[in-house]
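Trainee: Quick note: the sequence shown, position 42, residue 42 per my numbering, numbers continuous.
It is possible that some hints are incorrect.
[As the list claims (entries may be wrong)] Listed below are the simulated BS3-like cross-link pairs for lysine-lysine, each with C-alpha atoms no more than 27 angstroms apart in a straight line:
hint, residue 1, residue 2
1, K46, K30
2, K27, K46
3, K24, K46
Honestly, the hints are just simulated from the structure, not real lab data.
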Amino acid sequence: MDLEIIEYGFYSLLIVLLGFGIRKYLKWAKLNNQGLILGINVFWLKLTSNVFIIFGLIAFIAFLFTMYYDMSI
1 MDLEIIEYGF YSLLIVLLGF GIRKYLKWAK LNNQGLILGI NVFWLKLTSN
51 VFIIFGLIAF IAFLFTMYYD MSI
């Protein structure tokens, strides 16, 4: 198995961890929807974290299915 293939699975999990990290930071900082962080509304940061989590999980599941079918052939 090539390291490049494993790297793709790692990237998808890294995106998921980034989404959870953003979400955890927003809870820790107790920011509401009216606040701004570096000029970005908190709503957009929450939306971005949710998108990272969802797309990262979808990419990782697709990676697992691809690896399973690739190994079964």
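Trainee: If a hint holds in the structure, say so; if it does not, say that too.
Mentor: So, going through the hints one by one against the coordinates:
1. Note on K46 and K30: the hinted pairing holds, with a Cα-Cα distance of about 12 angstroms set against a maximum of 27 angstroms.
2. For the suggested pair K27 and K46, the alpha carbons sit about 10 angstroms apart, so the restraint of at most 27 angstroms is met.
3. A hinted pair counts as satisfied when its Cα atoms are at most 27 angstroms apart, and K24 with K46 qualifies at roughly 10 angstroms.
Against the hints set out earlier in the document, no violation occurs for any number.
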